Amino acid sequence: MTPHSGDRTSPISSSTPVTGDGALDARRTSDDDYLEELGYQPQLSRKLGQFSAFALQFGTIAPIGGIVFTFAVGLVAVGPAMFWPWVVAGGLQMLIALCVAEACSAYPIAGGAYNVVSRLGGTFLGWQTGWWIELAHIFSLASSCIALVPVILAWFGVSTGHWGLVGAAAGLILISTLINVASVKFSTRFVNAGVVATLIACVLVSIGVVAALAFGGDPVHGAGYLFTTEGTVKGSVLLPLLYAALLPCIVLNGFDVSGNASEETKDAARTVPRAMVRANLGSYGFGTVVILLLILAMGRFGDTLASVQPVTFILGPVLGHDLAKIFEGLAVLGLFVSAVVLQLAGARVLWAQARDDKLPLGSRFSSLNKENVPAFAVWVTAGVAVLSTLWSSLYVVLIAMTVVLWVAGYGVLLTVMWLGKLRGTVPTAAFRVRGWRVIFPLTIAWSLLLCVVLIYQNPRQVGVGLLIAFIAGIVVYALSPARQSGSRPDGPASAEPDSSTEHSE
Numbered sequence: 001m002t003p004h005s006g007d008r009t010s011p012i013s014s015s016t017p018v019t020g021d022g023a024l025d026a027r028r029t030s031d032d033d034y035l036e037e038l039g040y041q042p043q044l045s046r047k048l049g050q051f052s053a054f055a056l057q058f059g060t061i062a063p064i065g066g067i068v069f070t071f072a073v074g075l076v077a078v079g080p081a082m083f084w085p086w087v088v089a090g091g092l093q094m095l096i097a098l099c100v101a102e103a104c105s106a107y108p109i110a111g112g113a114y115n116v117v118s119r120l121g122g123t124f125l126g127w128q129t130g131w132w133i134e135l136a137h138i139f140s141l142a143s144s145c146i147a148l149v150p151v152i153l154a155w156f157g158v159s160t161g162h163w164g165l166v167g168a169a170a171g172l173i174l175i176s177t178l179i180n181v182a183s184v185k186f187s188t189r190f191v192n193a194g195v196v197a198t199l200i201a202c203v204l205v206s207i208g209v210v211a212a213l214a215f216g217g218d219p220v221h222g223a224g225y226l227f228t229t230e231g232t233v234k235g236s237v238l239l240p241l242l243y244a245a246l247l248p249c250i251v252l253n254g255f256d257v258s259g260n261a262s263e264e265t266k267d268a269a270r271t272v273p274r275a276m277v278r279a280n281l282g283s284y285g286f287g288t289v290v291i292l293l294l295i296l297a298m299g300r301f302g303d304t305l306a307s308v309q310p311v312t313f314i315l316g317p318v319l320g321h322d323l324a325k326i327f328e329g330l331a332v333l334g335l336f337v338s339a340v341v342l343q344l345a346g347a348r349v350l351w352a353q354a355r356d357d358k359l360p361l362g363s364r365f366s367s368l369n370k371e372n373v374p375a376f377a378v379w380v381t382a383g384v385a386v387l388s389t390l391w392s393s394l395y396v397v398l399i400a401m402t403v404v405l406w407v408a409g410y411g412v413l414l415t416v417m418w419l420g421k422l423r424g425t426v427p428t429a430a431f432r433v434r435g436w437r438v439i440f441p442l443t444i445a446w447s448l449l450l451c452v453v454l455i456y457q458n459p460r461q462v463g464v465g466l467l468i469a470f471i472a473g474i475v476v477y478a479l480s481p482a483r484q485s486g487s488r489p490d491g492p493a494s495a496e497p498d499s500s501t502e503h504s505e
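For the sequence shown, position 222 (counting from the first letter as 1) is numbered 222 according to my numbering, and the numbering increases by one without interruption.
Hints are supplied without guarantee of correctness; some may be wrong.
If you anchor each label on the Cβ, the simulated ranges turn out as follows [as the list claims (entries may be wrong)]:
hint: 1; residue 1: 227; residue 2: 449; range: 35 to 45 Å
hint: 2; residue 1: 125; residue 2: 278; range: 24 to 34 Å
hint: 3; residue 1: 452; residue 2: 322; range: 43 to 53 Å
Derived lysine-lysine pairs resembling DSS-like cross-links, with alpha carbons at most 25 Å apart [what the hints assert, rightly or not]:
hint: 4; residue 1: 185; residue 2: 325
hint: 5; residue 1: 325; residue 2: 47
hint: 6; residue 1: 234; residue 2: 370
hint: 7; residue 1: 47; residue 2: 185
hint: 8; residue 1: 325; residue 2: 266
hint: 9; residue 1: 370; residue 2: 47
Quick caveat, the hints were computed from the structure, so don't treat them as lab data.
These figures come from a predicted structure and were not determined experimentally.
Using N, Cα and C, we set each Cβ at its ideal position, and we do this for glycine too.
Put together the whole structure using the sequences plus the hints.
Now the structure itself:
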């Protein structure tokens, strides 16, 4: 399971002959030269270093913001026992992160999963995968801004109705858009600052809660409390545990976001996968500690569950009202940073599809402003996100649609990567996953199970919504200029290797 960097001297040990893209080696070529081998000319500016790539991925996950705003998902399902679904499902999400990291290392191209699936699974499947993940990014942008509005307004003692919520969320989306169209340098600096603040919040709240529980006079739950459900489960615990497992799937997702910025990242084949793995593992680790401490510090379960903001309600007596509010403010910042990054990633998917002539108005979507930012694509993601906020009364459904689209998209990516590695058609990546023959099938099965659970939980809205997304994708694809060309967005075909070439594991 341990990933390794695959340096230039790594031994090659497999008898599977390589074909097509399998002849390529991401370890031995410079960024722009490798991009040209993949069939593209460099157009974007490579300004992102290791921390910026890490910040993009960590900012997408926003573990503190994600936990603060979705903590109730686990509590409602199985009570304090939610800790165990987080640990298990979160671990499986980390395996997905490792596999996606290898895919983005093999194909360090803007568009992430869209390009990987297009090259390994065919143009239409790749386009649909990119479309699903693009919609997931946009829905997540919208749902994040919807979640932020009541909290921000509550700071000023203001409440609002549906249209006020939509207007305020649209205002946050506009701010995110202006940050993204300004320049890559400006947006990444904003994201970097937000991530630093989030990391500080993670550390401080962990230290604060541990100190309060260790030296304060408040009652402390023992470890046995983690095995109780507080009466939330009636009958079999299996389905509630699966519902609770959705919490880490909501928080720990968007795996290829830093991969979408590969063409703007220095030494992308190495920097991007390392950033992805570090950000995901860091988020999982911080999230595990924070959730554990929150459960152990919880007061009366019924009061916590009935509160408007369970996390702040728990932290108030432990850290004090002021510190709890500061933590809430940092969580708000973290979630807004996530919205900014998701919009950045979504715009890169649109730009990559347009570059391949796979979108209507492709010349507009593929155009860049003077800062080399796909501004038109950024504004379109903003417009669709604002329209999505009209669905704010179905906020939970919007989140479920986001997750099922992400899960379906990454499930397709994992499948074509696994088959491609078996066939020897995947380039040798600078970052590879050991034990991939076991890990890839496991992550595919997990993705399929998640899709079933999400649709089973709400078949009328989530299931039908996924079907509508698929049909809408067919319609948009049919309107693209290259719909009948049969071409694949993989540039010129790779030269066939000689028969002695072997595939690296």
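Are residue 325 and residue 47 close enough, with their CA atoms no more than 25 Å apart? The hint is violated at about 36 Å.
So if I understand the rule, the pair passes when the alpha-carbon distance is 25 Å or less; does residue 370 with residue 47 pass? The given pair, whose Cα atoms are some 15 Å apart, holds under the 25 Å limit.
How does the Cβ-Cβ distance of residue 452 and residue 322 compare with 43 to 53 Å: does it lie in that range? 45 Å, holds
Restraint check for residue 185 with residue 325, where alpha carbons must lie at most 25 Å apart: Cα-Cα ~31 Å, so violated.
Residue 125 and residue 278, beta-carbon distance inside 24 to 34 Å? 30 Å, holds
Does the Cβ distance between residue 227 and residue 449 fall inside 35 to 45 Å? 23 Å Cβ-Cβ, so the 35 to 45 Å window is violated.
Run the distance test for residue 234 versus residue 370: straight-line Cα separation, threshold 25 Å. The given pair, whose Cα atoms are some 60 Å apart, is violated under the 25 Å limit.
CA of residue 47 to CA of residue 185, is that 25 Å or under? 7 Å, holds
Is it true that the CA of residue 325 sits at most 25 Å from the CA of residue 266? 38 Å, violated
Going down the numbered hints, you'll see the structure goes against 1, 4, 5, 6, 8, while the others check out.
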